[in-house]
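Asker: So the sequences go chain by chain: A and B. The first sequence runs -7 to 342 under my numbering. The second sequence runs -7 to 342 under my numbering.
Careful, some of the hints might be misleading.
Any copy will do: because identical chains look the same in the list, a pair fits if it lies in one copy or spans two.
What the hints assert, rightly or not - Okay, derived cross-link-like pairs now, DSS-like style, lysine-lysine, Cα gap no bigger than 30 Å in a straight line:
(1) K203 <-> K111
(2) K54 <-> K111
(3) K7 <-> K111
(4) K203 <-> K309
(5) K7 <-> K104
(6) K322 <-> K111
What the hints contain is simulated information worked out from the structure, not anything from laboratory work.
Number of protein chains: 2
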Amino acid sequence: MAKANKRTSLADLAKELGLANSTVSRALNHASDVSDATKAQVWALAEKLHYQPNSLAAALRKGRSNVLGVIVPHINGAFFPAVVHGIEEVASKAGFNVMICQSTEDVDREKKHVEALLKAQVDGILVSMSNTTRDYAHFERVRSQGTPLVFFDRMPALPDACGVVVDDYLGAYQVMEHLIEQGCRRIAHFAGPQILNTTYDRFRAYQDALKAHGIPYREELVVHLPGSSTTAGMTAMQQLLQLPERPDAVFSAYDFPAGGALQLLEDYGIRVAEDIALVGFSNEPFTTMIKPRLTSVDQHGTLMGETAVELFLQLLKRAEPLSSRRIVLKPQLVVRDSSLYGQPAFHKQA
Amino acid sequence: MAKANKRTSLADLAKELGLANSTVSRALNHASDVSDATKAQVWALAEKLHYQPNSLAAALRKGRSNVLGVIVPHINGAFFPAVVHGIEEVASKAGFNVMICQSTEDVDREKKHVEALLKAQVDGILVSMSNTTRDYAHFERVRSQGTPLVFFDRMPALPDACGVVVDDYLGAYQVMEHLIEQGCRRIAHFAGPQILNTTYDRFRAYQDALKAHGIPYREELVVHLPGSSTTAGMTAMQQLLQLPERPDAVFSAYDFPAGGALQLLEDYGIRVAEDIALVGFSNEPFTTMIKPRLTSVDQHGTLMGETAVELFLQLLKRAEPLSSRRIVLKPQLVVRDSSLYGQPAFHKQA
DNA sequence: GTGAAAGCGCTAACAA
DNA sequence: TTGTTAGCGCTTTCAC
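Take these sequences, add in the hints, and give me the full structure.
Answerer: Right, dumping it as structure tokens:
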């Protein structure tokens, strides 16, 4: 009877029912101009034969795939997974399937993913740049093809780029004001890659806040992290401890290095909070699990993802390439024990 | 000149060069039976016009998409991201693009993702089941369509299922032997969903190890976690502390609840390790950041992902549905401070 | 080494 | 309400 080796196609249904392909197509797509009887007939057979529409064929014909491509640097930690979650939530409600790709902080992969997504005829691309991305030609290509392109968190310095970011400058500035308020004056900074808007802004805020409060900027108090790992923070902290005069606070551009610093300080018998204040950035879940709990800045990852998709949906609607829109979310400073300078840390009391 | 509103197609190249579509197709695919001159010509024009092959069309025609679908319960924590990383590594080397979907522990989403992947004509599906999955009809459909299906970590109790798991039973058994060796006798267990092979096996090992060592099984020492979060562990620990006699050890089926328990114990002034041993499962990065550092079991996520893809590639080769293959990886007990019962914990010395 | 023609599975004019 | 027809962009026989 049925050919064993082949999936049933729309044409199979049509033939079996003596209907035209177009009628079956309309029936399956709940078109209004098909009799209920026919619809029922078609659907019944479709169920019976386990008919699976071929979305490739539909996409080819329609010129749109209902797929949204997403490129993230990685899915470690909690931030990008949160963004992805937000993206999926809104995208699926809007009828889009999401295709997630990791660049693993590698431009070449990023480029390859852009290519692949374009070839796969995705209806739009959401990107958070890798930290090795220097030129934006691959992004220009996307837009020149007319494919909506929305950045999130990490976006290039292009005047017409569209995207959602968090106000890293503000978040970092608040961290600094908080530390200064605590009485800290020799505040060190663990800096991230200066090529990224995010960590660049955090560094700028560090500098500006110092200046605004009449605290001299000391180059020796800034350590450029080779990565965002715990060990990177341990090495950085070690370097700071070599200084003739120890800093009284460290503002790390990421949480994990701050965690590493905390471990190292403990090894040296230096009490976090009491002897040295410590602040991270990202509000990773582990910040509440360590002692003392780590002060950090929340970036509202889920909201960012949701907003990015909404931006994409707007781009999709209008044909003109929409004047560059940059949505800026407010970060949130979350003060915990680690930054309460001079106060005995919680774990010493227990 | 060129129509502004349309991407250049293979046919455009052919027309422009006065060649047949087929020739251009062969040239682009580096076929051997095309003259080098023609190839060069075609490639030059392709570059010039920024030609992007339409992989949908190719897939439709060829009957294969070179896309591998992956469904994970979530990408929180470090385990599943590690698996995904392993998958991407091997898959991309084999020329496959990976499409990642999260079920968020929701069967309905899992089913929808299966459907979507099938419709998108993926060449195979890799799944780690959600913890709400009870029937496997949607998986049967995949295989009945002839699409290779490989499970990883969480797999259904189907005799012919193919997949890669870690030996959870062994890992848990080692945990128990370790604790018993430390002198623990009132060992509690934070149990995961018993519907999942993974957490079910961890629980079984808990029971079997007790029995093997002549330690009575006490129902009141087992708490079934409502989730794998920190707070779930705090609540569970609180429950255990209500008991007339406190346990001297807790083996948690997940790391995060163990972390939660640790926090709660600290609040109660109960010293982890010294007063009560604590062990988790998964070897999350945070386990080394807390004090005392948490003993755990590593599940080799990356290797699992790599292996899963290799299994998929094997399935793809042979036409027959390959006798069920179940690859079992050895877990690794990582002993840290938290389980050294009776010994003063590291954080008290500093 | 190249071309002509058919068709993957679906949708969308247009006609009836 | 349904059918006819054409074609999305590509690959693949089969000729030449």
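Asker: Report the numbers of all earlier hints that the structure fails to satisfy, in ascending order.
Answerer: 1, 4 and 6
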